[in-house]
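Novice: What follows is each chain in one-letter form.
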Amino acid sequence: MEQFVMALTIFALAIFVGFEVINKVSPILHTPLMSGSNAISGIILIGALLSAGTQDTTTTTILGFIAVVFATVNVVGGFMVTHRMLEMFKRKDKK
Amino acid sequence: MSTTIVNIIYLIASVLFIFGLKGLTHPKTAVRGNLLGAVGMFLAVLVTLLDRNIVSFEIIAVGLIVGASIGVFLAVKIKMTDMPQLVGLFNGFGGAASVLVASAALIEVVLVTKTPAAQITIATVASGLIGSVTFWGSMVACGKLQGLVTDKPVRYKGEQFVKITLLLGCIVAGALIVTNPEAIHYYWILVALASVLGVMLVMPIGGADMPVVIALLNSYSGLAATATGFVLQNNVLIIAGSLVGASGIILTNIMCKAMNRSLANVLFGGFGEVDVIEDVDDIYAGKIKSTSPEEVAMLLESARKVLVVPGYGMAVAQAQHAVNELFNLLGAKGITMDFGIHPVAGRMPGHMNVLLAEADIPYDNLLEMDASNSLMGQIDVVIVIGANDVINPVARTDPKSPIAGMPIIDVDKAKTVVVIKRSLSPGFAGIHNPLFALDNTLMLFGDAKTMIQETVIAFKEA
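Going down the list, the sequences are from chains A and B.
Take the first sequence: its position 86, counted from the start at 1, is 86 in the numbering used here, and no numbers get skipped.
Take the second sequence: its position 443, counted from the start at 1, is 443 in the numbering used here, and no numbers get skipped.
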């Protein structure tokens, strides 16, 4: 239970940090913010790695494997496409 | 590697995510912000792979290679006009991964301890529920954006009843999991019910409300990761998921405000069932002045300030590159051309900005709604490209209208308005637009791209 309360504390504080950090987002960047933050939510990948790698049962290994694929698409694709979009914004900045 | 070191690396990754997101909120720091986020992710993954519980790397390697290949392929190949679908797809994948990880964790925890603590099983339920809704909701949203599923709101009698029943079903299945964690089939029943719920939640939402849906699903994908973090008792999952959850909620809120509607209204009310009471002839008959590209070119020549108001129609017609040509042409003659961008123009938050950036329009020329409106008095010519409801003056004048009170770009206050549109058909909200009949409005009927191209040719020849 103690661990749970700790986790809850971290959760509540992280939500507040999120609100404060993103509060003044420039409307130009709504899409990159969304795809970039989406890539960060691919952090679920580390959970997937543990499920796939520990190989407790065949079922968990298979579930973990599929999760690794999904999460990796999310992480790699997300960061790359965000970068691609942001480069388009940056290019004009130098002109 | 000891747990302490792993957790310290996770902390560093969390801090990098926070700096990354902070960077993503400003154009000058955005590229660096995104890279910081990627570095954080790389560190977190790396330290996880060194975890001593991992006995086999073959499966992981295959999964990483397959996933990374698909990710790279999509990220490189996707057209900018298809970006809303891709963002939706990635949201969904995050949700799906959460569902699977939570299920594997539940199986493992039941193997180790016959009776897992209630907070773990409750978190598993949350993860399965939010993750499934995110995945299937995103799939439907993608289908709508891609044109595979109708982008009209699909409404039917008893719709709310169906959704509530499904939600209750999920709660019952969830309660059964908490009381009998070893009966894993309840988890899959929950996932099945939540999947149907996800489909049912997004089907009734129409295309123009997609910015809200995409932003909300973005938030959900983060919250699903958070819930899984509670299951695995993993702090970096909780922190990263919460940050994304918060960011998605902020965007959702911005989108709702830009339509003067509550989230509940977008999700459960919605447009599309409004009866068009007004008589079309009363508004339009004898008052519509149609124009030609040549005439528009002449108007632009004598203008000093031009404002373009783009909407989803510009994306559909892929007119952004033609618009850039016009932008450069006018710029060379010392005529300023800015862009007035409504927050909900397009199919996802920031959709228009991405398209115009792709077409090389400098972001200094992309104005927010308020900035556009305060400039409006000085604007000689407004060109509306494929936007409708976001410029409908009815939002200001008719309190009974479905879009009453929605903030709009006041193009009617400019000296001349040119509306490029295929026909006089109403916009998404299903209401007619008296703007088209105003004295200072000229209608340029046709495909947005063709019309802009012809205007460019006429402008060059003049």
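If you're looking for bench data, these hints aren't it; they were derived computationally from the structure.
Mixed in with the good hints there might be a few duds.
Said to hold, decoys possible - Take a look, some chain B residues computed to stay more than 12 Å from chain A by CB distance:
hint : residue
1    : 77
2    : 183
3    : 397
What the hints assert, rightly or not - Derived DEER-like restraints, expressed as beta-carbon distance ranges:
hint : chain 1 : residue 1 : chain 2 : residue 2 : range
4    : B       : 3         : A       : 9         : 14 to 24 Å
5    : A       : 87        : B       : 424       : 16 to 26 Å
6    : A       : 87        : B       : 146       : 47 to 57 Å
The C-beta atom is built at its ideal place from N, Cα and C for all residues, glycine as well.
Novice: Decide, hint by hint, whether the structure agrees.
Specialist: Verification of the hints:
1. 77: The claim is violated: residue 77 of chain B sits with its nearest Cβ about 10 Å from chain A, within 12 Å.
2. 183: Holds: least Cβ distance 14 Å, greater than 12 Å.
3. 397: 26 Å, holds
4. B/3 with A/9: 14 to 24 Å: With Cβ atoms ~19 Å apart, the hint holds.
5. A/87 with B/424: 16 to 26 Å: Violated, since residue 87 of chain A and residue 424 of chain B (Cβ atoms, about 40 Å apart) do not stay within the stated range.
6. A/87 with B/146: 47 to 57 Å: 25 Å, violated
Comparing the model with each numbered hint stated earlier shows that hints 1, 5, 6 do not hold.
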